[in-house]
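Participant: Protein chains in written order, with my numbering: chain A, 3 to 281; chain B, 3 to 281.
Keep in mind the hints are simulated off the structure, nothing from the lab.
As the structure is a prediction and not an experimental result, all values here were calculated from the model.
Among these hints, one or two may not hold up.
Unchecked claim - Straight-line distance between alpha carbons at most 27 Å, and here's what the computed DSS-like set of lysine-lysine pairs gives:
no., chain 1, residue 1, chain 2, residue 2
1, A, Lys101, B, Lys83
2, A, Lys83, B, Lys101
3, A, Lys144, B, Lys144
4, B, Lys120, B, Lys144
5, A, Lys101, A, Lys144
6, B, Lys83, B, Lys120
7, A, Lys120, A, Lys101
8, A, Lys101, B, Lys144
9, B, Lys101, B, Lys120
10, B, Lys120, A, Lys144
11, A, Lys144, A, Lys120
12, A, Lys144, A, Lys83
Number of protein chains: 2
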Amino acid sequence: MTVLVNGARGQGVSPLDRGIHFGDGLFETIACRGGRPRFLTFHLERLISGCERLQIRAPEPELIAGEVCELARDADRAIVKVLVTRGAAVGRGYAAAGKETATRITIRYPWPDEDVSKSHDGVKVCTLSMRLGENPLLAGLKHCNRLEQILARAQWPADIDVSEGLLFSSSGNLVSGTLSNVFIVRGSIVQTPRIDLCGVAGVMRRVVIREMHQAGIRMQECVLRTEDLQEADEMFLTNARIGIWPVRELNSRAILPGPITRRLQEILAPLLEGPRDAA
Amino acid sequence: MTVLVNGARGQGVSPLDRGIHFGDGLFETIACRGGRPRFLTFHLERLISGCERLQIRAPEPELIAGEVCELARDADRAIVKVLVTRGAAVGRGYAAAGKETATRITIRYPWPDEDVSKSHDGVKVCTLSMRLGENPLLAGLKHCNRLEQILARAQWPADIDVSEGLLFSSSGNLVSGTLSNVFIVRGSIVQTPRIDLCGVAGVMRRVVIREMHQAGIRMQECVLRTEDLQEADEMFLTNARIGIWPVRELNSRAILPGPITRRLQEILAPLLEGPRDAA
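Isolated chain A, as found in the complex (with noise of 0.2 Å):
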């Protein structure tokens, strides 16, 4: 593992830093193959829109590409995680002064070969009692405020098959899984809940979405129920290192990786093992 703090290794965080005290900052995890981060530009792109979102002053995003690149670089497969938080405080309490000088924290994680059979054969996936509170002004942030996600993972299962859990919203709309977003499909359309209120706005998302627009498939941002998730003919979940994952069952009722889900892992295919940036 290599980890930089504003760029220098075997540094500290300061404890007076807001993203401890407050969770006050935002991340990015990029999945880096051959040497080269994958979707870096929309990583960047999230980072910086995430940011402004927040009022946190963000470091050039020069300056975190080449930091992300750099420790990319030597690896065939890694996982870099980058973090932004709004800084040391500045005073005591909630307010942010506008002053701060923002944190930089880059990560680079092995990332073990993935288990083939889940983009293969699919995964299962079971809904979690949770329920996500809803904030506008936080939806769709990677923000650094992951406390229900923890609580989520902590109400897992004892069925260690299970690869994903689904989380609703207070208000019941189906959000995400705790670390991927999800589609359902419905004859030929596609959905995926909108996330205005909750959840977060996932790299992969964004490029399947694209994909989708480009192949022709049709589908709808829209607020899904479990009753939407029963009248599902195929699911498939994505994140920024999985791709796309099939599911095959939820809440032990079988479903079968279905002729979109397949279309779509072939067109993302090529964009998930090259070393060129796909953005």
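Since the structure of chain A is provided, determine the placement of chain B on it from the hints.
Facilitator: Here is chain B on its own, set in the frame of chain A:
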């Protein structure tokens, strides 16, 4: 300012700390007078029970108490903040491994004299438009996922005389101020929002509720809506630092600091002033 990380000065926090990555921690803000922390027992109880709810392996309460008392000892007035995170991550991702070692940050801040007119004449309060997400698993905890409070502070009105903003939940129920709990008086009954879906179980809230019980003042924890605020005869705010602030104006409507608020202030005064541990 004095800052201790796991008891030592001049230390940084590991960039792998889950506090930074996820806001995976809890904190207490303890008002210290005459060299002694106020209501230390209540603060420690909340911190330890919060750790239990989040399954964070809490530091020994005696260790925390000793550090707080040490920092408080030579200050006539000080605010001591204690922050406990789950500690440095074991691996990547949201799931806690269960074997992390908690990180303990203890900070002494100066506590400038309060504006006594706020306690005496009361404060101006407005309602804020941002709604807080609801999650019963997080409700009551003074946890480190505080982006909502940061965003609420960023919505502050231009009128700098406004001392606090009231927040409602996504369901439209009154929750609290951005840094205080709120009480209203209707006739002879005191009401305060339940904190089962949202909000923080404030230490001063607990003290005031205890004192009301002992004084025979009727009180209810209940669901309160905008219309309930409009019907309030009296209104006051509590937090560990300020004690009680009467509200003298809500969204430009004048409210008189009334007899129940005044009586509670009188009851509380010796507990706030003295150096003895009032909890």
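Participant: So, for every hint listed, does it hold in this structure?
Facilitator: Hint by hint, here is what the structure shows:
| no. | hint | in the structure |
| --- | --- | --- |
| 1 | A:Lys101 to B:Lys83 | holds, 22 Å |
| 2 | A:Lys83 to B:Lys101 | holds, 22 Å |
| 3 | A:Lys144 to B:Lys144 | holds, 22 Å |
| 4 | B:Lys120 to B:Lys144 | holds, 25 Å |
| 5 | A:Lys101 to A:Lys144 | holds, 22 Å |
| 6 | B:Lys83 to B:Lys120 | holds, 23 Å |
| 7 | A:Lys120 to A:Lys101 | violated, 46 Å |
| 8 | A:Lys101 to B:Lys144 | holds, 26 Å |
| 9 | B:Lys101 to B:Lys120 | violated, 46 Å |
| 10 | B:Lys120 to A:Lys144 | violated, 39 Å |
| 11 | A:Lys144 to A:Lys120 | holds, 25 Å |
| 12 | A:Lys144 to A:Lys83 | holds, 12 Å |
This entry does not satisfy hints 7, 9 and 10, going by the numbered hints stated previously.
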